[in-house]
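Visitor: Protein chains in written order, with the working numbering: chain A, 1 to 547; chain B, 1 to 547.
Since the hints were derived computationally from the structure, they do not count as laboratory data. Be aware that one or more of the hints could be misleading.
Same chains, same names: a pair is fine if it fits in one copy or spans any two.
[To be verified] Only pairs whose alpha carbons sit at most 20 Å apart, straight line, appear in this in silico SDA-like list of lysine to any residue:
{"id": "1", "residue 1": "K282", "residue 2": "S99"}
{"id": "2", "residue 1": "K108", "residue 2": "S491"}
{"id": "3", "residue 1": "K135", "residue 2": "Y125"}
{"id": "4", "residue 1": "K108", "residue 2": "Q444"}
{"id": "5", "residue 1": "K509", "residue 2": "D489"}
{"id": "6", "residue 1": "K197", "residue 2": "L414"}
{"id": "7", "residue 1": "K509", "residue 2": "F522"}
{"id": "8", "residue 1": "K317", "residue 2": "E357"}
{"id": "9", "residue 1": "K108", "residue 2": "E161"}
{"id": "10", "residue 1": "K232", "residue 2": "G178"}
{"id": "11", "residue 1": "K531", "residue 2": "A521"}
{"id": "12", "residue 1": "K108", "residue 2": "P163"}
{"id": "13", "residue 1": "K31", "residue 2": "L200"}
There are 2 protein chains.
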Amino acid sequence: MNAVQSTTPPQKIVILGGGFAGVYTARYLEKLLRPAEAAITLVNRENYWVYQPMLPEVISGSLALADVVSPIRRLCPRTNLVTREIEDIDLENRVITVSPGFRPRQLKLHYDYLVIALGNVTNFYGMPGMLENGKPFKTLADAMVLRNHVIRTLEEADVEEDPELRRKLLTFVVGGGGFSGVEVIAELNDFVRAVKKNYLRLRDQPHRCVLVHSRNRILQEMAEPLALFAQKTLRKRGVEIILEDRLVAATSEKAILKSGEAIACKTIVCTVPSTLPPVIQKLNCAKDKGKLQTNTGLELKDYEGQVWALGDCAVVKTVSGKEAPPTAQHAIREAATAATNIAAAIRGGARAQFSFEGLGTLGSLGHGAAVAQILGVKLSGLLAWVLWRCIYLMKMPGLNRKTRIATDWTLHLLFPPDLAETKLEPESGIQSQHFQAGDVVFQQGDLGDSVYVIQEGECDVLREENGEHKLLATLRAGDYFGEMAVLADQSRNATIQARTGMHVLIISKRDFDKLRQNVPAFDEVFRELAKRRASGNAVIPSGSAET
Amino acid sequence: MNAVQSTTPPQKIVILGGGFAGVYTARYLEKLLRPAEAAITLVNRENYWVYQPMLPEVISGSLALADVVSPIRRLCPRTNLVTREIEDIDLENRVITVSPGFRPRQLKLHYDYLVIALGNVTNFYGMPGMLENGKPFKTLADAMVLRNHVIRTLEEADVEEDPELRRKLLTFVVGGGGFSGVEVIAELNDFVRAVKKNYLRLRDQPHRCVLVHSRNRILQEMAEPLALFAQKTLRKRGVEIILEDRLVAATSEKAILKSGEAIACKTIVCTVPSTLPPVIQKLNCAKDKGKLQTNTGLELKDYEGQVWALGDCAVVKTVSGKEAPPTAQHAIREAATAATNIAAAIRGGARAQFSFEGLGTLGSLGHGAAVAQILGVKLSGLLAWVLWRCIYLMKMPGLNRKTRIATDWTLHLLFPPDLAETKLEPESGIQSQHFQAGDVVFQQGDLGDSVYVIQEGECDVLREENGEHKLLATLRAGDYFGEMAVLADQSRNATIQARTGMHVLIISKRDFDKLRQNVPAFDEVFRELAKRRASGNAVIPSGSAET
Chain A
1 MNAVQSTTPP QKIVILGGGF AGVYTARYLE KLLRPAEAAI TLVNRENYWV
51 YQPMLPEVIS GSLALADVVS PIRRLCPRTN LVTREIEDID LENRVITVSP
101 GFRPRQLKLH YDYLVIALGN VTNFYGMPGM LENGKPFKTL ADAMVLRNHV
151 IRTLEEADVE EDPELRRKLL TFVVGGGGFS GVEVIAELND FVRAVKKNYL
201 RLRDQPHRCV LVHSRNRILQ EMAEPLALFA QKTLRKRGVE IILEDRLVAA
251 TSEKAILKSG EAIACKTIVC TVPSTLPPVI QKLNCAKDKG KLQTNTGLEL
301 KDYEGQVWAL GDCAVVKTVS GKEAPPTAQH AIREAATAAT NIAAAIRGGA
351 RAQFSFEGLG TLGSLGHGAA VAQILGVKLS GLLAWVLWRC IYLMKMPGLN
401 RKTRIATDWT LHLLFPPDLA ETKLEPESGI QSQHFQAGDV VFQQGDLGDS
451 VYVIQEGECD VLREENGEHK LLATLRAGDY FGEMAVLADQ SRNATIQART
501 GMHVLIISKR DFDKLRQNVP AFDEVFRELA KRRASGNAVI PSGSAET
Chain B
1 MNAVQSTTPP QKIVILGGGF AGVYTARYLE KLLRPAEAAI TLVNRENYWV
51 YQPMLPEVIS GSLALADVVS PIRRLCPRTN LVTREIEDID LENRVITVSP
101 GFRPRQLKLH YDYLVIALGN VTNFYGMPGM LENGKPFKTL ADAMVLRNHV
151 IRTLEEADVE EDPELRRKLL TFVVGGGGFS GVEVIAELND FVRAVKKNYL
201 RLRDQPHRCV LVHSRNRILQ EMAEPLALFA QKTLRKRGVE IILEDRLVAA
251 TSEKAILKSG EAIACKTIVC TVPSTLPPVI QKLNCAKDKG KLQTNTGLEL
301 KDYEGQVWAL GDCAVVKTVS GKEAPPTAQH AIREAATAAT NIAAAIRGGA
351 RAQFSFEGLG TLGSLGHGAA VAQILGVKLS GLLAWVLWRC IYLMKMPGLN
401 RKTRIATDWT LHLLFPPDLA ETKLEPESGI QSQHFQAGDV VFQQGDLGDS
451 VYVIQEGECD VLREENGEHK LLATLRAGDY FGEMAVLADQ SRNATIQART
501 GMHVLIISKR DFDKLRQNVP AFDEVFRELA KRRASGNAVI PSGSAET
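With these hints in hand, go ahead and build the complete structure from the sequences.
Guide: Given below as structure tokens:
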């Protein structure tokens, strides 16, 4: 596994990425090549493969967390798995650099043949506040974080006395009306409706599930009648669908749409924007709209016979010239083509060309309803839903997982969905947050649980006295606020309201205290501020605010 | 739910804690009292109840994460659940203060009758480095964190080339030979042995599981022949048992025993020390060794007829004068007694006295073996194991959970244990770490991924040149090191070795960069250091080290 060039067999094949494309390439290669011919290594961040089509069912707990993933070591028993991050791809010297593990040293992997199947990653660039408040929906962690967040909002709504805040807690917004967005809003709606019964104060409260889509109908990938059926079904189940509009920004209190509409809510899921992984972005080779450019044998341009690219990070064209969509069924066939061609490169033989044109599309609309378009036949409703479950169950590799999923589904028909919040680690570290003009950061009387540093924008410091709001100061980029209450362990003695769009850094009381105690210069900054403020002058000097 | 005194029915009953004692009190009260008589509120940090006896099975994945917990709202459908932390108990004014939720405001709950059933918490006080490196085993999060950590060590061991580090990664130490410690080491050993097969480079590597216990035999709660049987069974399965010794300290590289023995390892589970929750520690009332003092009706001394205390946070004595041990079977009976007495206080009637003397004890030794001592009969081996499973399955409330657990167990008999690492959130925030004299913090050539601040102790800065180690400086409390490599994004240019026992604060590169960019004073401290160092003088000024 050291960076030593190998010229004799076994040839070193390195696969980057453990999604459908990467894992199936390894599986096909294990079948095609003997151990003496090739040593296969797969690099993936996680030691499991995620069965993407079933991911939305994690939200409601229809499927147990561990049942929508499968250990890569069991799927590809002959492949060496390296569970690390990929930091660099050096196509000239044929070396892959991966991140350090327990010991902070990088690891270098040499290859004779390389498969790049790294998929894409969520990208909220250009959407202010989305990184902090929007929830992506791509990985297992995303699904679990969303599930726990939704349960947390229900718990809070049940305790909350303020009807406005309770309405926010019970509003769920999903951006993007593709398969992923539709399945997420359907699951969310089913789940909230089912578990609300167990919350004594929420039983009779309405909840809102809103789907926002930029086109004039959802499910662009399907024929119009099916998409319209899906819209009708979702609306009948209580989902609001907003068409020809889209999410552009978010704060901790609302989702903001392009039309200017703002939806007050505490849950925003954004399924739309994705980009290529940074390690591919910095790769210097032929690209097409950022994606890796390949021929019909899936070889990377200028590296034919040495590097293959497939899945969502590559432009894959069939022999008929059509571009393959980013679906599991295509990724699996691409893997077969790539594996055949790698085997041919090692031991000679016929090369394959990618010619799969797709079998159809399937989308779930929540419990008991789906839309399907398979080999030209259109189906909708319960029948499509049963078909959806059968097809995906069949496609799940391994008897163990098949049995578990079938059991989960059966129990889910008999019992209500689970509502345990299995949040395992507290959120910590230094966070960022975005506020829009007019938003309140905290209110006079709130507990002082963190310190803020303005990175961008301006805010007003307001104090309420005898029912009147008095403007104490205006703070700008580089100013701090909120440390007074944290230092004295008191509640806030002023309200902070954003004057413009504003980005802040939030240091929790826990981290703030640790830093103050151990970095004297850090402590001094804030003690200096406190002193200036204690002198009690109405004009607050720049770099501070009496809060 | 506001802090307003109520004098008319329904009476306000508040239960603190959602373990066996708290949840069963709510369940009994729901049966005994009509909604018009009592409004029941339960406060717990989580919205689920953990079935403690089955927790060790989460490690191996025999039981799915969600199957060892049950939503409290389903167990006690008529009880108002408040999922927050308890910050204060005011016995004089009958008010409970709970932590803030989404909005940073505390919530106050008034009660007419109070049940305190807060259990105990893990406490590593007086064991240097245990907080940072020892893993507790009490909560669902503890079990999941341990499972993920063990899988992570296997993943790393599979990649690691250094045989010494690989041995450390494959060594697992558990402190405490009570039921919890024994069940954890048995599960760990079974799990590692079963999944090692799937790691190509680990198949033939030995692993070590070490149990450390302070007495001359494990399972002090059981008769000696059963404990000796348990020791023999564990040893036959490859577990090393160290008796009459105990864990006293830990670093990231080893477990340190009282005898002075150090076991090089990356996994330390410490099941022993527990203490009362801080909110009870600060409570001013009659106590016995820190625990709440009660009468045989489970009433808190001096608050009879108003406050009940039960479970692990109270000293509960039966009418015969024996102290009740902290087990589930006792907690459930204590709950029945307390509920009966609360109902009697509200509507009159006979009061109950706690008189349960225990049915016996059960302990699992891993797959297919257990020890049991029930109603005077002693059992061991497979029969005891089947009995263990039957009894605990019967005691699990709810058909849904019973079915799920029975299914999990059946599948676990048929298929190998799961090995997906479902770690969901990255560790972040400002961490602490403990080093012993002689320990290396980082080595010259390592990647610079964090900055260190010495809180306590001393360390040497060593540079290797032409095979020789040169002492560059000695650093003390308040000094920083490691920032050089982080600032320049380079590898470490010196080795740091602890000279004495040393506590450091570790700021990750991510947090360090955020702070530097936003808090100019913080940035200046480190820029000043860098400048001083760039001048290249051999004597390094205090407060800095060229690393």
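Visitor: Starting from the hint list further up, note which numbers the structure goes against and sort them upward.
Guide: Violated hints: none; all satisfied.
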